[in-house]
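Please model the complete structure; the sequences and the hints are all you need to start from.
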Amino acid sequence: MTDALLSIRGLTKAYPGVVANDDVSFDILPGEVHALLGENGAGKSTLVKMIYGLVKPDSGEMRMRGTPYAPSEPKAARAAGVAMVFQHFSLFDAMNVAENIALGMADPPPMRDLAARIREVSDQYGLPLDPWRVVGDLSAGERQRVEIIRCLLQDPKLLIMDEPTSVLTPQEVDILFETLGKLKAEGTSILYISHKLEEIRKLCDEATILRLGRKVATCTPRDTTARQMAELMVGAELHTPTREGRRPGEVRLALKALSVTSPGQFGTSLKAITLEVRSGEVLGLAGVAGNGQDELLAALSGELRSGAGMVVLDGTAIGDKGPAERRRMGLLTAPEERLGHAAAPDMSLTENAALTAAERQNIARNGFLSWNRARGFAREIIERFDVRTPGTENAARSLSGGNLQKFVIGREVMQDPEVLVVNQPTWGVDAAAAAVIRQALLDLAEGGTAVIVISQDLDELMEVSDRFAALNEGRLSEVRPARGLTVEDIGLMMGGSHDMEVADA
Amino acid sequence: MVTLEKRPQPSRIVAWSTPFMAVLATMIAGGLLFAALGEDPLVAIRTIFWDPLFGQHAFFYRPQLLVKGAPLILIAIGLSLGFRAGIWNIGAEGQYILGAICGAGMGLAFYPAEGWFIFPLMVMAGALGGLVWAMIPGLLKVRFGTNEILVSLMLVYVAEQLLASMSLGLLKNPQGFGFPGSRNLQQYPSAHNAELIAGTGMHWGVAAALIAVIFAYVLLTRHQLGYHIRLTGEAPRAAKFAGIAPARLVLFCLGISGAFAGLAGMFEVSGPAGQVSIDFNTGYGFTAIIVAFLGRLHPVGILLAGLLMALTYIGGEIAQSSLGLPAAAIQMFQGMLLFFLLAVDVLTSYRLRFGKREAA
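Line by line, the protein sequences give chains A and B. Numbering follows the numbering used here, with no gaps: position 427 of the first sequence is 427. Numbering follows the numbering used here, with no gaps: position 242 of the second sequence is 1242.
Honestly, I wouldn't trust all of these hints.
Here are the computed lysine-lysine pairs in the DSBU-like style, where the Cα-Cα straight-line distance is at most 35 Å [unchecked claim]:
id, chain 1, residue 1, chain 2, residue 2
1, A, Lys49, A, Lys271
2, A, Lys321, A, Lys256
3, B, Lys1172, A, Lys75
4, A, Lys184, A, Lys157
5, A, Lys56, A, Lys157
6, B, Lys1006, A, Lys157
7, A, Lys56, B, Lys1006
8, A, Lys271, A, Lys75
9, A, Lys49, A, Lys196
10, A, Lys202, A, Lys321
11, A, Lys157, A, Lys182
12, B, Lys1006, A, Lys196
13, A, Lys271, A, Lys321
14, A, Lys49, B, Lys1006
15, A, Lys196, A, Lys56
These are computed hints drawn from the structure, not numbers from a lab.
Right, dumping it as structure tokens:
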């Protein structure tokens, strides 16, 4: 095809031990929203990095409007009209929107002019944003707008978006889609990476599916079911988590007006959170990132202490106890940030297995660690959760994000917790692995564990939760049965309509 | 163009070869330095690295290797535990001095009584002296969040003043004709840290250094505490998540490095040095920092690095006397070693890529 904006031919990139991309070819047409689909480790990010000039392909070629295109660095890619919105924002909290945008420009105009341009672009594309606000005070959705506007100011021909909706409320997703619609109408092409297949069906014109570095299929998302796409990605039949009708048992974990001040300057303090989780029940907590999720997890793991009586596990007040003691009592947690928080990046999987399991798995005896038992436990996790790694002695940071996620969730799940709290359990994990993790959580509940799932993925919460609540600015909404909730109800709960804020009985 | 590319995981082979690369680079740069001073670089290098071991007077210098190496190793082992956890005790020199003062003070308190129990008491007093001195930055850090690097370093100068005061006052030899300095412990059998086997340089301090190496090795590889130390250094947030109390670890690491430095000072004052004097400390506490890093903060590495550093000390002295090289040149030589080590260290996490990038 000669009328393609960007045509990719035979792109190959190998790293020691893995071929990240193997002979990948496809075209992106002008004004097309093109989806890039694949499991974790399928090679999506490597491919995108090659397009954006962060990684150099080993072989193959790209052509931009028929002329050879081989960006040596992102600056060259930007000059050619390629812009990218990353999954992780690179913004300075202490600076305002305009300053942040100016930082990314080679030759920034005077602040006043830039602010006017920002306002203009934000009006034009329906992305409300005040250029003078400090980024630290913005929600994740607003931060993303900063990144998008930063890209739009370059007047890109191709906009790459890496999982843009993972941090947004349903209402914010709608706004984003409208913006993308306008861009598309103007002839801008969009390369869209996401795990959310329904979203892709709604938005994208064309989809390229990668598996193990190779292109395995192309499809038109509108004419393909989400299930078919998922199966193309996985290369096997997908099984959706199932659960039997559960009868909740007695209260295992109770929070009584839990209030904790956030240690971080831009963190969110928890304000009088009251809830109960029962044996055999999954409580889903929604909320846009930065509304107290991290603090709640820390207050439950014991990293943040509170008044003793604010956290009660099986009738014992534990609010003032540390993580080790809580773990001993059966309260296990898995934080959102995998590298550096849930796992030590440069330590092996064996060593990371001992991080939370030293006592419960008998790895430590009289203060001495048995690396054999730790290795055995690591191997069990790897097998049961299908963690793709050459072995237990590999450093945690050598695993792809999704695989490490399977490992850290698996590590907690396999320790038979009494109460398990997970934050973003399937963040960045592909459909098949996410299904495995969700099933594991449901199985735990089946076995009598009380489970709290904190997540920004509403589909996930609706799939696993028995009861549902949302965090907003450190407060908890009313806790309601998950069945029968509409998307509007949830949006209102997440948006913090405070008249609904009633303490859980 | 040369570019740095991050490795998917840190290379173990490179991590272990960087000390050798650093030694080699130091030899080359040092050789140039000596050449600039008007010496034949090959002769100078041979004098420093070869003569102490295999030269004409090697029989005299070889025992010195243990005498000089033992305090370096003992101190560096203690420091390395803290360094692993990101706790920076820079004041080992001060803790070394305090260990010597307390150890010698304990011995001299019994003078002239003899008894088997005196030496063990001195060992305990030496360790305790270093430990208490290191607890000052430790408690200040835990309680008020002060920077342990600054506080421990400042306390070195306080310790030096204390040492001078002790040599001139409290511990001054009453029969010393007014000269500063304490009684000579070498002449007080119960307090003398004599050679265990005559002519080998092997004294109790050497034994203690070897025990410390084994202790640190077992602690770091087998014990939960060692795991916590490593975890805290590599991922502080993960360590907190695992349930490690940072304050306790700070106190443990500073305490043990202080105690080891104190022990080294005590063995030195009661053995090779013999007496508390104004110029008792010779910078072992600072050189041990180089030793710790040169040994990759690994106990066995530190053992080897300590011996190497002892060699440059001895070789440096020979070079001073036989070639007339200035003492500063030798110190610079040792400094270069740390400098080059830190420089080549970047290769453990990054690899070099040669060749031009393609233009867009």
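Practice problem: Assess, step by step, whether the Cα of lysine 271/A is no farther than 35 Å from the Cα of lysine 75/A, and give holds or violated. | Solution: Violated, at roughly 45 Å.
Self-check item: Holds or violated: lysine 49/A to lysine 196/A, with C-alpha atoms at most 35 Å apart
Solution: This hinted pair holds, its Cα atoms lying about 21 Å apart.
Quiz item: Is lysine 196/A within 35 Å of lysine 56/A, Cα to Cα?
Solution: holds, 28 Å
Quiz prompt | lysine 56/A paired with lysine 1006/B [C-alpha distance capped at 35 Å] | solution = Between lysine 56/A and lysine 1006/B the Cα gap is close to 14 Å, so the pair holds against 35 Å.
Practice problem: Would you mind confirming whether the straight-line C-alpha gap from lysine 271/A to lysine 321/A stays at or under 35 Å? | Solution: The given pair, whose Cα atoms are some 20 Å apart, holds under the 35 Å limit.
Quiz item: lysine 49/A and lysine 1006/B: Cα distance at most 35 Å?
Solution: It holds: about 15 Å lies between the C-alpha atoms, which stays within 35 Å.
Quiz item: Is it true that the CA of lysine 1006/B sits at most 35 Å from the CA of lysine 157/A?
Solution: The given pair, whose Cα atoms are some 31 Å apart, holds under the 35 Å limit.
Quiz item: Taking 35 Å as the top limit, are the C-alpha atoms of lysine 184/A and lysine 157/A close enough?
Solution: Given that 35 Å is the threshold and the Cα spacing comes to 10 Å, the pair holds.
Quiz prompt | Hinted pair lysine 1006/B and lysine 196/A, Cα distance within 35 Å | solution = Distance ~31 Å between lysine 1006/B and lysine 196/A Cα, so the pair holds.
Practice problem: Sort out whether lysine 75/A lies within 35 Å of lysine 1172/B, counting only the CA atoms. | Solution: violated, 71 Å
Quiz item: Under the criterion that the straight-line Cα-Cα distance not exceed 35 Å, is the pair lysine 321/A, lysine 256/A satisfied?
Solution: Given pair lysine 321/A, lysine 256/A holds - Cα atoms ~16 Å apart, limit 35 Å.
Quiz prompt | Satisfaction of hint between lysine 321/A and lysine 202/A, Cα-Cα up to 35 Å | solution = violated, 48 Å
The structure shown violates the earlier hints numbered 1, 3, 8 and 10.
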